[in-house]
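**Q** Could you slot chain B onto chain A? The hints should help.
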Amino acid sequence: MPLVEARDVSRVFPMPAGPVVALRNVSLAVDAGEYVAITGPSGCGKSTLLHLIGCVDTPSSGSLLFERRDTSQLSEAERGRLRLTRIGFVFQRFFLLPMLSAAENVELPQAEAGATASERRARTRELLDYVGLADRADHLPSQLSGGEMQRVAIARALANRPALLVADEPTGELDDETGEHVAALFDRVNAGGTAVLVVTHNPALAARASRRLAMKSGRLVE
Amino acid sequence: MTSFALAWRTAKRYRARTLLAIAGVAVIGALLFDMLLLSRGLLLSFADLLDSSGFDIRVVSGEGLAARLPIADSARLADDIRRLPDVEHVLMIRIEPATVLATGKPPRGISLIGSSDAEQSWRIVKGSSLGSPAAAAEACPVLVTRPLAAALGLTPGDSVSINVRPPGVASALPAVACRIFGIADFAFATNDELTAVTTMEAFRQAMGGGQPDADLVLVSSKPGAPPGRALRAIAGLRTSLRAYSNEDVVAQFNRNGFAYFRQISLVLSSLTMVFAFLLVATLLTVSINQRLGEIAALRALGIGRPRIASMLLWESALLVGGGGLLALPLGQLLALVLDRILRQMPGIPERMHFFVFEPRALAIHLVLLMFTAAAAAVYPVWLTARLPIADTLRREVLG
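Which chain is which? The protein sequence lines are A and B, in order.
Following the working numbering, the numbering of the first sequence begins with 1 at its first residue and continues without gaps.
Following the working numbering, the numbering of the second sequence begins with 1 at its first residue and continues without gaps.
Calculated directly from the structure, the hints in this document are not laboratory data.
Just so you know, not all the hints are guaranteed correct.
[What the hints assert, rightly or not] Going by beta-carbon spacing under 10 Å, a handful of chain B positions derived as facing chain A: (1) ARG68; (2) ALA296; (3) LEU330.
[Claimed, not checked] Simulated coverage check for chain A against chain B, where a stretch passes if three residues somewhere in it have a Cβ under 8 Å from a Cβ of chain B: (4) 44–53; (5) 101–109; (6) 204–216.
[Claimed, not checked] Stretches of chain B that chain A covers, calculated by requiring three or more beta carbons in the stretch to come under 8 Å of a beta carbon on chain A: (7) 100–109; (8) 303–313.
Every residue, glycine too, gets a C-beta built ideally from N, C-alpha and C.
Next up, chain A with everything else stripped away, as it sits in the complex (with noise of 0.2 Å):
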């Protein structure tokens, strides 16, 4: 059964020059558990695609299901409540708050979600644990390097036991060393039955996905 399906979405942004149409009638579905990577050029859709599947933006036309509702019927409310607790999200530039340490990071979004402050602590140590970064639960952003970053970001983005991990470029700021540590952990969250989704340039992070997609000019080529 699919946790995620995009069924026939267009994301069309309207620019004063004229209408500027990022994807063409895709067509995706993303099983729960699955590890699913997206590659391509550089503006061929696949951020756009990645922002709908995780709900922080919506079809121009066509429908995506996440968990069988149709998210197009949810408000702005509802739909942050979905992101809150089913979706985990990795960017590329790690967008850490920088006044709060890697464990108040990781915190964050389980305070969010009403967990209480003994909970919180409980997974934030655990996530820390998980990621490598025990160690450095007091330090700033400031103070870890790019790929501890990611990796407490990806801490951050399993706070709330997602079904589903979305990660934009998550090693397009690391160097292909810190890059494979992270791909590795990638591999970890899926193994422990997360379905991950990820949009890469990186082929060597593309490669461990179970199943690769293309995309070029806002279409699904393979």
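**A** For chain B alone, kept in the frame of chain A given last:
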């Protein structure tokens, strides 16, 4: 992690911005606080001055307080007032321009006050009062203000001649020989006022021997007397007179004399609020624009709009609150300096102040700052609430 904690951490993280905002709000808030003190300062000070004289009712002729014409048969009026059940004390006052001549000095124009009570409304700084036994034995005992004593080099024991010169009439009143008994501060005297006060009997002699009518009768009600009853009773004695409570006098001056200050302070307070609003709104907006990626990421992670909005409101409250608190001592200090400068204006009674603290000013100051903090956060909150998450994330990566 509460919204307040997030705002606090943000304020600490962006120290330079925070300090800049707090310093700016402190300076602007100090001006706002001073404008609030100024808006009612003279009024409060004037009311305090009236109350401190010990009299709560002023009776003048029908022309009102400004004209101060003699009250016909004022001695009988004073007796009638004394007999009223709610009245404790009555004082008659008459003021006329006069010339004082001291040995070896040129004549100086002064205000000569005749008072029916030897112990009222002044504070002896040197010598003795008109009520002392020695003064009582003197035909024309006189107290002088410090400026007059300084101008003529007078000390207690000196003799002077005083010649009353009523305005608007050709006068050939003889000069009266008087003796200085004391140097005094008068409640309503300005810092350069040349004034002398003597007994009503001496004043009568100076006026040529006739019974001079008072132009002001001051009355103090008995403690515990129902408010307004003595005033109504006095007003009923003679319909040709006007009796004012201290509140009436303050209200009249508020309408006529202090409207100027109120308007200036209203305009300047409004301007300072606008400046505070612009400063905080600008800094918050710039800060938000620098953190759009972070905020879009938070929204993508499912952090709700209410939490982000309340974080921004707290940030605004911290900046305005911090600056607003600092503004109080700063404003008080500035008020002292400005008050000292303004009180040097001619014609201002020495005991009057332009900037007077009252709890009401503090309360208004805090309410206005809270309003400013909320208003300054409106645009940044709106900016983040309508932030397109996907577009912003895309722009941040491309940028």
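**Q** A separate judgement is required for each hint: does it hold in the structure or not?
**A** Hints, verified against the model:
1. ARG68: Given a least distance of 68 Å, the restraint on B/ARG68 is violated.
2. ALA296: Holds, about 8 Å.
3. LEU330: Since chain A brings no Cβ nearer than about 28 Å to B/LEU330, farther than 10 Å, the hint is violated.
4. 44–53: Coverage by chain B holds here, the residue count being 3 at a Cβ distance below 8 Å.
5. 101–109: holds (count 4)
6. 204–216: violated (count 0)
7. 100–109: The restraint on the segment 100–109 of chain B is violated, since only 0 of its residues have a Cβ under 8 Å from chain A and three are required.
8. 303–313: holds (count 4)
In terms of the numbered hints stated before, the structure departs from hints 1, 3, 6 and 7, listed from lowest to highest.
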